[in-house]
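Chemist: Chains as they are written, first to last, in my numbering: chain U, 1 to 341; chain B, 342 to 874; chain W, 875 to 1151.
It should be emphasised that the hints constitute simulated quantities derived from the structure, not laboratory data. All C-beta atoms in this analysis are idealised placements derived from N, C-alpha and C, irrespective of residue type, glycine included. Misleading hints may appear alongside valid ones.
[Said to hold, decoys possible] In silico DSBU-like links for lysine-lysine, alpha-carbon gap of 30 Å or less: (1) B:K651 with B:K615; (2) W:K876 with U:K129; (3) U:K53 with B:K793; (4) B:K486 with U:K53; (5) B:K512 with U:K53; (6) B:K526 with U:K53; (7) U:K73 with B:K526; (8) U:K53 with B:K385; (9) W:K877 with U:K233.
[Claimed, not checked] Quick look at which bits of chain B chain U covers, simulated, 3 or more residues with Cβ under 8 Å: (10) 380–387; (11) 570–578; (12) 735–743.
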Amino acid sequence: MNSVVKMLLKRIGTSLVVLIGVSMLIFTIARVIPGDPARIALGPNASIEQIDKLRERLHLNDNIITQYGYFIKDLSNGNLGISLYTNRPVTTDIAQFLPATLELVIFAGFFMVAFGIPLGIIAAKYKDKWQDHSVRILALLTVSAPSFVWAVILMLLFAFFLPLFPVAGRIDDQLLLPDNITGFLTVDALIDGNFTVFVNAIWHILLPAFALSLSGIGQAARLTRANMVETYKKPYIEMAQAFGFSAKRIATKYAFKPSLIPSLTIIGLDFAAMLGNAFLVEAVFAWPGLSRYGVQVILRKDLNAIVGTVLVISAMFLVVNIIVDLLITYINPRIRLAKGQ
Amino acid sequence: MNLNHFKLAIIAATALSSIAITHVHAEGVLRLNEVAVGEIDPAKASDYADSILMFNIYDTLVVPNQGRGGFAAHLATSFEVQDKVFTFTLREGVKFHSGNIMSAEDVVFSLNRLKSMGLGLSYLFGDVETIEATDANTVKFTLNKPSASFIASLVRLPIIDKKAIMANIVKSDEDKDDMGDWGEKYLSTNSAGTGAYKVTSHNPQDETVMQKNPNYFLDIDKAAPSEVRLRYGLEAATVRTLISQNKHDISSQWLPPEVLKALAKGGSQLLVEKGTQEFYIKMNTAKAPLDDVHCRLALSNAFDYNSVLKLVSITDDVAMGSAATGAIPSGMLGEKPESEKLVRNLDAAKKHLSACKYDPKDFEINISWISEVPLEERFALLMQANFAEIGVKSKITKMPWALFAEQVSKAENTPHISQLFVNAVTGDPDTLLFGQYHSSVSGTWQSPEHLKDAIVDQALEQGRSASTIKLREAAYSKLNERLIEIAPSIYGYNVQAVFAASNRVKVPALSDPEKSFGLEGMGFTFRLMQINE
Amino acid sequence: MKKIFYQLTSNPMSLLGVILVSIVILSAIFADFITPFPEHRGAIVDFSNFNQPPHWPNIFGTDLVGRDLFTRIIYAYRISLILGFVVLVISVPIGVSIGLVAGYMGGWTETILMRITDVFLSIPPLVLAMSVMGLLEPSLFNGMMAVTIMWWPWYTRLVYNLTRSETQEGYVLAAEIIGASKFHIIFREILPNCWASIITKMALDLGFVILIAASLSFLGLGVQAPTPDLGSMVAEGGNYLPDSWWLVIFPALAILIAVFGFNLLGDALREILGGEE
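All chains, please: the whole structure from these sequences, using the hints.
Modeler: In structure tokens form, the structure reads like this:
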């Protein structure tokens, strides 16, 4: 167990270093662009005097390294500045919008695993048969379109032409929201014991989460298949086959677990990539999350909000990767040893 | 196994949707939507959504008359004007949402807050020198010069509950100022007005929920909405579907004409706000080749006015615009008669182009459009094609609003052509035209022309200070003539805001010309709407 | 080469990939000859025939200012392919060189280079490109830059891993013993052994670059009108759903077909050349 803790600490350490790098990168990008942030902030009717005052207050007249120093100081106080888009502190915005995005991504991640891995197993079991070919085509198709294309197609089919699902939002607005505890509507509804809200929230999240997960499902299926096929070539499986174990037992018991590890790494990466793709899906489904906020602030050159959003999303990305590493270590202690050295 | 899963999913989905569809709408709830984000602090209000919020959560001393010009007393009962001094007597016993009684102190506080924060529409009150509460119900504004448009400006001075704000001021260490943040933090999530509706929840990216104020100082029709949900950032396609499924009541005016057409065809009603708005195509008069009046006239004659009108027409009798006759929209002081509508004249365009001191081949005109308004992209393409016909090359640049507002501050950064919808924020022609064309304010978002013209300046000043309607009219007519002659802008069309609405709402202010306010956003006074269940 | 081509055409899936990719590339090259209204790629407006569903001769319908959608999709392929090629041509040499140097030199060089790479890799790809693009003026050139900035680290990561394992091989050791220069070892000895993986990844990536570029322009961060672009066509058309479905469906399918083609081809190449995932 000790080596796991050591590995965890090491990963957190490197992640922090990387996160500081990210903050430098995004801060530099945000500061070197043409245009005066103070003027953009104050809007079209501001006077020169007001602009100068704000420039002073935002330390815009200092050099970039000093500015970065102020930024880090503010950041350590939990202050990311004011968003021009909503006129509120960026931290307030992030706190309000992040849970919706996380809920969406977690549902999508669940779909990715729940559909992707079984499809991969089926394909491997029926290697080179029609099942395998269909899964392969399906998997390739899903990764061949950006998630906004799937979002638009799903919306057109299942919300417009066949109005089975709602077209926008997290919940029907005449329903009373449960107390905001986790920010995840589904979880809050359950805590509240409000089944109607729970069902309604699930009903709203299904289509966007599925659209978001499609390319991940394809990836997961392909990888699981590839790894299972590799594993089937291993001597111990051949032995099991020679002993006459049932195909099902071999597939689920002996071939599956070793194949899972390489898949997990990639699924972790994919899961994190969904944080990016959420930008596209939230735009289509009017999902009031951090990604939609991210798109709006980027389009409006709202610098504080851009820096904040990118930092938070990168942090999530790193956290997900650490979790995946932990999972892998848990499944296969050998990797733990190799990595902990 | 896989197929079974799929079947199961379909069954589950159908079951879910049948549960969720059973309730359609709660009694008396009005659902409408606006652009991406709403601002409930009245001192920061600037756009249409903000105006709707401001007009419902807060009240003003005066309001525009319905169906005819002029203003009626509202929070005031009467007012007197003596040269530069405006004295208002306030209505007694009006209660804020907090239960506090409104007094003259609150009016003074509201103006001071607006001016100190210096955001939103505070520039309207730049001429107010002093304001004082002479007694609990009398307030006196002293201006630094006589102003014919001051009364109109007051529709943009919402009265705020001083006591409620003072109790919620946030002071930071750096701020030695007594007023701290002027209650900015508090008012970004709360309402502190006397209005007919009060805010119950506000998420600037999602929706603002308002409830009817039972203690409103005027009687409100029983059929008026009991709750209003103003939603933000909905896609056009979403709104279109929600309305046709009876899950939404009034769209924003930013739906593309095609979508409005589809909704009207499906039986939705179309609401129209005839207003004080015009679509201007602004030319940078400080940058070659458009610093030559002939080059500008060449472009304005080459512009295909009819195609634009065709583009914005919705049904046989409803359109998002009517033909422009000049710089002043119809229904406003100084307008030109309908018979003088602007039309395309290619011959004139060619003649002007040859009179221009520049050779068009040496230039590439930069046509910009604001990315928040997709319709403008089509206008940009139209212009590009129109100008190509007389041999003028151009390129198209998309600009987000914030960037546009930043770039126009310098003439050399301002694109050759910018497209803007400008309205008179108080309904008075002064607030439409001064900000656009006076040389003292060149280089704001309204004035990317960077125009410096003495005759224009003079006419604008006369219009602002003239004492009688007749004199004002003469000044604005002269201004209109001059603006057509020197063509700093192409006058695209008179804008009418068109909203698609479900048939369960009645909005007299937006469907009956006799009831219209003539002030953008005022048509959305919720207390005057009716909901039929 | 001949053998590869034979292998590609013998399997129905890879054959399909070859056919799709050929269609996309050929139609992009010969767009002037196969599109019915080549002038519609530019600033043309025809308000007598706008927003029309598919009909002859506008087989995919017309857009919001009356231009032929089929024509614009074909020209959009041209822009996407140019973008894809340019991005790879810039980012692959950069990424590969850094990966080779980091992998072979080790020590501080490796730590610094790979940490920088990690920084770029730890911002979700689309988010990084969006942030860069959002702060620049939207144009084809800036679009290429933004995608390039997010793309090179993936090659660094790939080549770094390959180099690390190659460095243990006997031939590298042999070269070191006879005193070959570092430059020679990196670019003459190790690099040739990475080509198979790099080329496979490039074939796959061409599709993904198109996909990312389409995503950027979908969010309003792409090329400017009147240049045709698949992502912005879907985004604009999205406002007119469900009535004007053709504005969305055809550009969406066009993206799908192109990327699917490159994926099939890349997949097949990987099997033939034995590159890594």
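Chemist: Indicate, hint by hint, whether the structure satisfies it.
Modeler: Hints, verified against the model:
With a C-alpha separation of about 18 Å, the suggested pairing of K651 of chain B with K615 of chain B holds against the 30 Å cut-off. Between K876 of chain W and K129 of chain U the alpha-carbon distance is near 29 Å, which keeps this suggested pair within the 30 Å criterion. For the given pair, K53 of chain U sits about 28 Å from K793 of chain B by alpha-carbon distance, which is consistent with the 30 Å threshold. Proposed proximity of K486 of chain B and K53 of chain U is supported: the alpha carbons are some 29 Å apart, at most 30 Å.
Pair hint K512 of chain B plus K53 of chain U holds up; C-alpha atoms about 18 Å apart against a cutoff of 30 Å. Simply put, K526 of chain B and K53 of chain U have alpha-carbon atoms about 20 Å apart, close enough for the 30 Å limit, and the pair holds. Proximity of K73 of chain U to K526 of chain B is assessed by CA-CA distance (about 22 Å); at most 30 Å being required, the pair is judged to hold. Simply put, K53 of chain U and K385 of chain B have alpha-carbon atoms about 18 Å apart, close enough for the 30 Å limit, and the pair holds.
Between K877 of chain W and K233 of chain U the alpha-carbon distance is near 27 Å, which keeps this suggested pair within the 30 Å criterion. With 4 residues having a Cβ less than 8 Å from any Cβ of chain U, the stretch 380–387 of chain B passes the three-residue criterion, so the hint holds. Counting residues of the stretch 570–578 of chain B whose beta-carbon sits less than 8 Å from any beta-carbon of chain U gives 6, enough to reach three: the coverage restraint holds. A count of 3 residues in the stretch 735–743 of chain B with a Cβ less than 8 Å from any Cβ of chain U is obtained; the coverage claim is therefore met, three being the minimum.
Against the hints set out earlier in the document, no violation occurs for any number.
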